[in-house]
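Q: Construct the entire structure; sequences and hints are all you get.
Here is how the chains run, residue by residue.
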Amino acid sequence: MLRRMALAAVLVGAWPALLLAHHGWGSYDAKNPVTVTGKILTSQYENPHATITVQGTDKVWTVTLAPTSRMRNRGAMPELVAVGAEVSAYGYPSTADPNEMRAERITAAGKTIEMR
Amino acid sequence: MNSAAPGFLIALETSEIGALIRQSVWIYPTANIAHVLAIVLFAGAIAVMDVRLMGALAGSDPARVVRGARRAAILALIAVLVSGAVLFTAEASHVALNGVFQIKMALIAFGIVHALFIGGRAVRALDTLGPQAPMPGFARFAGALSMLMWLSVVGLGRYIAYN
Numbered sequence: 528m529l530r531r532m533a534l535a536a537v538l539v540g541a542w543p544a545l546l547l548a549h550h551g552w553g554s555y556d557a558k559n560p561v562t563v564t565g566k567i568l569t570s571q572y573e574n575p576h577a578t579i580t581v582q583g584t585d586k587v588w589t590v591t592l593a594p595t596s597r598m599r600n601r602g603a604m605p606e607l608v609a610v611g612a613e614v615s616a617y618g619y620p621s622t623a624d625p626n627e628m629r630a631e632r633i634t635a636a637g638k639t640i641e642m643r
Numbered sequence: 737m738n739s740a741a742p743g744f745l746i747a748l749e750t751s752e753i754g755a756l757i758r759q760s761v762w763i764y765p766t767a768n769i770a771h772v773l774a775i776v777l778f779a780g781a782i783a784v785m786d787v788r789l790m791g792a793l794a795g796s797d798p799a800r801v802v803r804g805a806r807r808a809a810i811l812a813l814i815a816v817l818v819s820g821a822v823l824f825t826a827e828a829s830h831v832a833l834n835g836v837f838q839i840k841m842a843l844i845a846f847g848i849v850h851a852l853f854i855g856g857r858a859v860r861a862l863d864t865l866g867p868q869a870p871m872p873g874f875a876r877f878a879g880a881l882s883m884l885m886w887l888s889v890v891g892l893g894r895y896i897a898y899n
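Top to bottom, those sequences are chains A and B.
Residues are numbered in my numbering as their position in the first sequence, beginning at 1, plus a constant of 527.
Residues are numbered in my numbering as their position in the second sequence, beginning at 1, plus a constant of 736.
Simulated from the structure, these hints should not be mistaken for laboratory data.
This list has only true hints and no planted wrong ones.
Away from chain B, derived, C-beta distances all over 12 Å, residues of chain A: (1) T562; (2) Q582; (3) A609; (4) V610; (5) A612; (6) E613; (7) Y617; (8) T634; (9) A635; (10) I640; (11) R643.
From the structure, some residues in chain B lie toward chain A, with a derived Cβ separation under 8 Å: (12) R758; (13) Q759; (14) V761; (15) Y764; (16) P765; (17) A826.
Don't be surprised by glycine CBs; every beta carbon is placed ideally from N, CA and C.
A: Here's what the structure looks like:
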């Protein structure tokens with residue numbers, strides 16, 4: 528009985544892991560990274576992730592950053608990503624929203640800060 | 737904010753309390769940690785209850801074990817719901833439109849209905865059973881279904897972030 532239940536528990540526990548393995552990096556395309564450079568149009572320094580919109584050369588990108596506590600710990604204070612600041616964000620475009628990308632790292636005011 | 741969401745969810749997300757949760761450095765991570773810890777306690781209580789219903793832990797008084805674990809599960813579920821409501825409020829309009837979240841909420845509703853009616857009936861059937869008595873088929877079914885539903889709820893909850 529216990530052995531059968533242990534097996535059942537492993538199988539039930541494994542299926543979300545299989546789904547994750549199948550999808551890899553969630554809904555972001557890590558094979559085609561983009562770099563968005565330009566002026567910050569809007570900035571929300573909020574949890575669960577800070578978000579900015581950036582006037583890129585091709586379009587306005589929504590750039591998803593990191594949780595605010597991690598941003599602060601790494602020196603990305605609200606002023607660094609305030610409206611009007613110049614930023615360069617390297618990251619992965621969303622496969623769901625063509626105007627959104629998730630930043631791996633950003634460079635602003637001469638500082639490069641990892642978001643993960 | 738996702739403008740395709742129902743108005744009351746947009747109102748919830750854009751409310752002062754929603755803004756406070758997002759703008760505070762500590763409220764969101766604290767609620768997130770509390771949610772996981774509450775789920776751990778809930779899953780532990782559910783596991784004890786459901787394996788006893790399925791016939792494991794023979795030698796213990798089935799009615800006492802299951803009723804005790806059920807009370808612990810109810811308390812833990814309250815903590816899960818409170819911490820979950822904080823997380824939901826921060827991004828209500830986005831999360832509500834996430835298909836995985838919708839399936840999770842439906843399963844939670846089924847899980848609670850199952851616990852009240854089928855689970856309740858299974859618990860009452862244990863009162864006359866001794867420690868070594870084999871579990872009735874109905875109780876085994878109730879325990880297996882409960883475990884499957886609640887583990888699925890937790891799995892789906894984690895998968896919301898990837899959908």
